[in-house]
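Undergrad: Here is how the chains run, residue by residue.
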Amino acid sequence: MKIDLKVWRQKNQNTKGHLESYVLEEVDAEMSFLEMLDMLNLKLAKQGERPVEFDHDCREGICGQCGVMINGIAHGPIKNTTTCQLHMRYFKDGDTIYVEPFKAKAFPVIRDLKVDRSALDDIIAAGGYISVNTGQAPEANSILISHEEAESAFDSAACIGCGACVATCKNASAALFASSKISQLAKLPQGKKESSKRAVDMVNRMEDLGFGHCTNTEACQVECPQDISVLNIAQMNYEYNKAKLKK
Amino acid sequence: MWFIKNAITRKNLMALTGLFLCFFLIIHLLGNLQLLMPPNEARLQYNLYSDFLSNNILVKLISYVLYASILVHTIDSIYLSIKAKKASGSSYVVDKRNRASKWYSRQMMLLGTLIFAFLVIHFKDFWFIYKFGTLPMDSAGNKDLYGLVVASFQDLWYVILYAISILVLGFHLLHGFFSAFRTIGLYNPKYNRIVKLIGVIFAVSMTIGYFVIPFYIYLNV
Numbered sequence: 024m025k026i027d028l029k030v031w032r033q034k035n036q037n038t039k040g041h042l043e044s045y046v047l048e049e050v051d052a053e054m055s056f057l058e059m060l061d062m063l064n065l066k067l068a069k070q071g072e073r074p075v076e077f078d079h080d081c082r083e084g085i086c087g088q089c090g091v092m093i094n095g096i097a098h099g100p101i102k103n104t105t106t107c108q109l110h111m112r113y114f115k116d117g118d119t120i121y122v123e124p125f126k127a128k129a130f131p132v133i134r135d136l137k138v139d140r141s142a143l144d145d146i147i148a149a150g151g152y153i154s155v156n157t158g159q160a161p162e163a164n165s166i167l168i169s170h171e172e173a174e175s176a177f178d179s180a181a182c183i184g185c186g187a188c189v190a191t192c193k194n195a196s197a198a199l200f201a202s203s204k205i206s207q208l209a210k211l212p213q214g215k216k217e218s219s220k221r222a223v224d225m226v227n228r229m230e231d232l233g234f235g236h237c238t239n240t241e242a243c244q245v246e247c248p249q250d251i252s253v254l255n256i257a258q259m260n261y262e263y264n265k266a267k268l269k270k
Numbered sequence: 286m287w288f289i290k291n292a293i294t295r296k297n298l299m300a301l302t303g304l305f306l307c308f309f310l311i312i313h314l315l316g317n318l319q320l321l322m323p324p325n326e327a328r329l330q331y332n333l334y335s336d337f338l339s340n341n342i343l344v345k346l347i348s349y350v351l352y353a354s355i356l357v358h359t360i361d362s363i364y365l366s367i368k369a370k371k372a373s374g375s376s377y378v379v380d381k382r383n384r385a386s387k388w389y390s391r392q393m394m395l396l397g398t399l400i401f402a403f404l405v406i407h408f409k410d411f412w413f414i415y416k417f418g419t420l421p422m423d424s425a426g427n428k429d430l431y432g433l434v435v436a437s438f439q440d441l442w443y444v445i446l447y448a449i450s451i452l453v454l455g456f457h458l459l460h461g462f463f464s465a466f467r468t469i470g471l472y473n474p475k476y477n478r479i480v481k482l483i484g485v486i487f488a489v490s491m492t493i494g495y496f497v498i499p500f501y502i503y504l505n506v
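Line by line, the protein sequences give chains A and B. Counting from 24, one number per residue, gives the positions in the first sequence under my numbering. Counting from 286, one number per residue, gives the positions in the second sequence under my numbering.
Any given hint could be a false lead.
Derived CB-CB ranges, DEER-like [unchecked claim]:
hint: 1; chain 1: A; residue 1: S154; chain 2: B; residue 2: L301; range: 31 to 39 Å
hint: 2; chain 1: B; residue 1: R384; chain 2: A; residue 2: C86; range: 44 to 52 Å
hint: 3; chain 1: A; residue 1: S154; chain 2: B; residue 2: K370; range: 48 to 56 Å
hint: 4; chain 1: B; residue 1: I342; chain 2: A; residue 2: S154; range: 52 to 60 Å
Below, simulated DSSO-like cross-link-like pairs (lysine-lysine); rule was C-alpha separation at most 30 Å, straight line [unchecked claim]:
hint: 5; chain 1: B; residue 1: K370; chain 2: B; residue 2: K381
hint: 6; chain 1: B; residue 1: K370; chain 2: B; residue 2: K428
hint: 7; chain 1: B; residue 1: K381; chain 2: A; residue 2: K193
hint: 8; chain 1: B; residue 1: K475; chain 2: A; residue 2: K102
hint: 9; chain 1: A; residue 1: K220; chain 2: B; residue 2: K475
hint: 10; chain 1: A; residue 1: K29; chain 2: A; residue 2: K39
hint: 11; chain 1: A; residue 1: K193; chain 2: B; residue 2: K409
hint: 12; chain 1: B; residue 1: K428; chain 2: A; residue 2: K128
hint: 13; chain 1: B; residue 1: K345; chain 2: B; residue 2: K475
hint: 14; chain 1: B; residue 1: K370; chain 2: A; residue 2: K34
hint: 15; chain 1: B; residue 1: K409; chain 2: B; residue 2: K428
hint: 16; chain 1: B; residue 1: K381; chain 2: A; residue 2: K39
hint: 17; chain 1: A; residue 1: K193; chain 2: B; residue 2: K475
hint: 18; chain 1: B; residue 1: K370; chain 2: A; residue 2: K267
hint: 19; chain 1: A; residue 1: K215; chain 2: A; residue 2: K137
hint: 20; chain 1: A; residue 1: K193; chain 2: A; residue 2: K216
hint: 21; chain 1: B; residue 1: K475; chain 2: A; residue 2: K216
hint: 22; chain 1: B; residue 1: K409; chain 2: A; residue 2: K267
hint: 23; chain 1: A; residue 1: K39; chain 2: B; residue 2: K371
hint: 24; chain 1: A; residue 1: K34; chain 2: A; residue 2: K270
hint: 25; chain 1: B; residue 1: K409; chain 2: A; residue 2: K29
hint: 26; chain 1: A; residue 1: K215; chain 2: A; residue 2: K269
hint: 27; chain 1: A; residue 1: K128; chain 2: A; residue 2: K29
hint: 28; chain 1: B; residue 1: K371; chain 2: A; residue 2: K193
hint: 29; chain 1: B; residue 1: K475; chain 2: B; residue 2: K370
hint: 30; chain 1: A; residue 1: K29; chain 2: B; residue 2: K381
hint: 31; chain 1: A; residue 1: K69; chain 2: A; residue 2: K102
hint: 32; chain 1: A; residue 1: K115; chain 2: A; residue 2: K29
hint: 33; chain 1: B; residue 1: K409; chain 2: A; residue 2: K102
Hints in this document: simulated from the structure, not taken from any laboratory. Glycine included, C-beta positions come from ideal geometry on N, C-alpha and C.
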């Protein structure tokens, strides 16, 4: 099928970007979105032009590296899907597709569709861990965790850190990202001990990095490839407020 | 001190002042339902009630909390909006992000601004005249606020202005009520469902309640 692409081209962080039009004639419906971009790049390379740069790694929907705005929606129109798992069969012959990078002040564009999301790593570095050496895996029944609790923590842990929540949020808040880690660890006995300090440190770091605040529009969960619950954000607020009130 | 810098703390202030204003809305509506009584009774009753409110020391103290809540809620929203604007950076050429949420949840600042504009008119036309203007007395010797209210709502455009403002308020509450609970940290899924339901019931009943009064007066009194 024929696809009319409008792709964001930006040389580097300091230059202004713009949309560039490309037409791809023989796009296969079985291609993934990234394979379609590969096809574009092959064409550009043959013509001696600079290929479109974008992040990707596993192409299996689990690493969180890929992620662009497709027609104004993070990871495109299909819900709970990463960009790499979006296939061209969801588009029609002759469609125009706008491809833009994730945008937020804390996510500077490196080039084209490639965005610096290391701010998310900085948030994790502020407290998204357990600060003791846990050693070998302990005997499974020595710490009792109910099935529901384990599942709930696992749901929070499912975040792949792609940044779609930030790109989707009208305030560019990383609340869903930070809170998924905060509540995952707060739900388990190993992480609970430091939950107050962790919440305060991560929330403060998130703010210092220039992310916005949460206004509970709940858009982040809708566009999240992993369907991370917005109730994690409420738990983050709980842990933060509890920590501040106790002090 | 825990109430100064960060956004969650600011949001807590928004939530707490917002919830206090919700509480006030209930009291304000209950008081104003007296306007729906038969005209002669309503006049004496409503004016007596207004006189009681403006002279009771406890009510006076609560009214200062009310004024403060309105101001804090307003100032905080401006502060947070500017901050969010800075955080979101440059805009998208094609932006369909609004598909993922209710329109009113994304337009709280606009709705709030309209409510504030309405409040300026509302305060000027009733609160200011009652407190600082001159009003005739009723037969019991109280200021005739009832007469002022009835006279105001004889204009159709004024009734429509109120109807629109109340609708705007309704949508603001529809998002604001449950959002406030999320902000202060209610994360239990079951209680969240309950709070969300209460929020809808609250927003709808406030909208209907405040809707009825101007229309009733316009049509019947």
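Undergrad: So, for every hint listed, does it hold in this structure?
TA: Taking the hints in turn, this is what the structure says about them:
1. S154(A) <-> L301(B): 31 to 39 Å: holds, 33 Å
2. R384(B) <-> C86(A): 44 to 52 Å: violated, 26 Å
3. S154(A) <-> K370(B): 48 to 56 Å: Violated: the Cβ-Cβ distance is about 36 Å, outside 48 to 56 Å.
4. I342(B) <-> S154(A): 52 to 60 Å: holds, 54 Å
5. K370(B) <-> K381(B): Satisfied, since the Cα-Cα distance of roughly 18 Å is no more than 30 Å.
6. K370(B) <-> K428(B): With a Cα-Cα distance of about 47 Å, the restraint between K370(B) and K428(B) is violated, given a limit of 30 Å.
7. K381(B) <-> K193(A): holds, 11 Å
8. K475(B) <-> K102(A): holds, 25 Å
9. K220(A) <-> K475(B): holds, 27 Å
10. K29(A) <-> K39(A): Holds, at about 16 Å.
11. K193(A) <-> K409(B): Violated, at about 35 Å.
12. K428(B) <-> K128(A): Answer violated: K428(B) to K128(A) is near 56 Å, above 30 Å.
13. K345(B) <-> K475(B): violated, 38 Å
14. K370(B) <-> K34(A): At roughly 25 Å apart (the allowed maximum being 30 Å), K34(A) and K370(B) satisfy the hint.
15. K409(B) <-> K428(B): Cα-Cα ~17 Å, so holds.
16. K381(B) <-> K39(A): The given pair, whose Cα atoms are some 22 Å apart, holds under the 30 Å limit.
17. K193(A) <-> K475(B): Holds: K193(A) and K475(B) sit about 27 Å apart, inside 30 Å.
18. K370(B) <-> K267(A): Given that 30 Å is the threshold and the Cα spacing comes to 27 Å, the pair holds.
19. K215(A) <-> K137(A): It is violated: about 36 Å lies between the C-alpha atoms, which goes past 30 Å.
20. K193(A) <-> K216(A): It is violated: about 34 Å lies between the C-alpha atoms, which goes past 30 Å.
21. K475(B) <-> K216(A): holds, 25 Å
22. K409(B) <-> K267(A): violated, 40 Å
23. K39(A) <-> K371(B): holds, 18 Å
24. K34(A) <-> K270(A): violated, 48 Å
25. K409(B) <-> K29(A): Judged against 30 Å, a Cα distance of about 53 Å means the pair is violated.
26. K215(A) <-> K269(A): holds, 16 Å
27. K128(A) <-> K29(A): holds, 23 Å
28. K371(B) <-> K193(A): holds, 11 Å
29. K475(B) <-> K370(B): Cα-Cα ~33 Å, so violated.
30. K29(A) <-> K381(B): holds, 16 Å
31. K69(A) <-> K102(A): Distance of about 35 Å is beyond 30 Å: violated.
32. K115(A) <-> K29(A): holds, 16 Å
33. K409(B) <-> K102(A): Not satisfied, since the Cα-Cα distance of roughly 49 Å exceeds 30 Å.
Against the hints set out earlier in the document, violations occur for numbers 2, 3, 6, 11, 12, 13, 19, 20, 22, 24, 25, 29, 31, 33.
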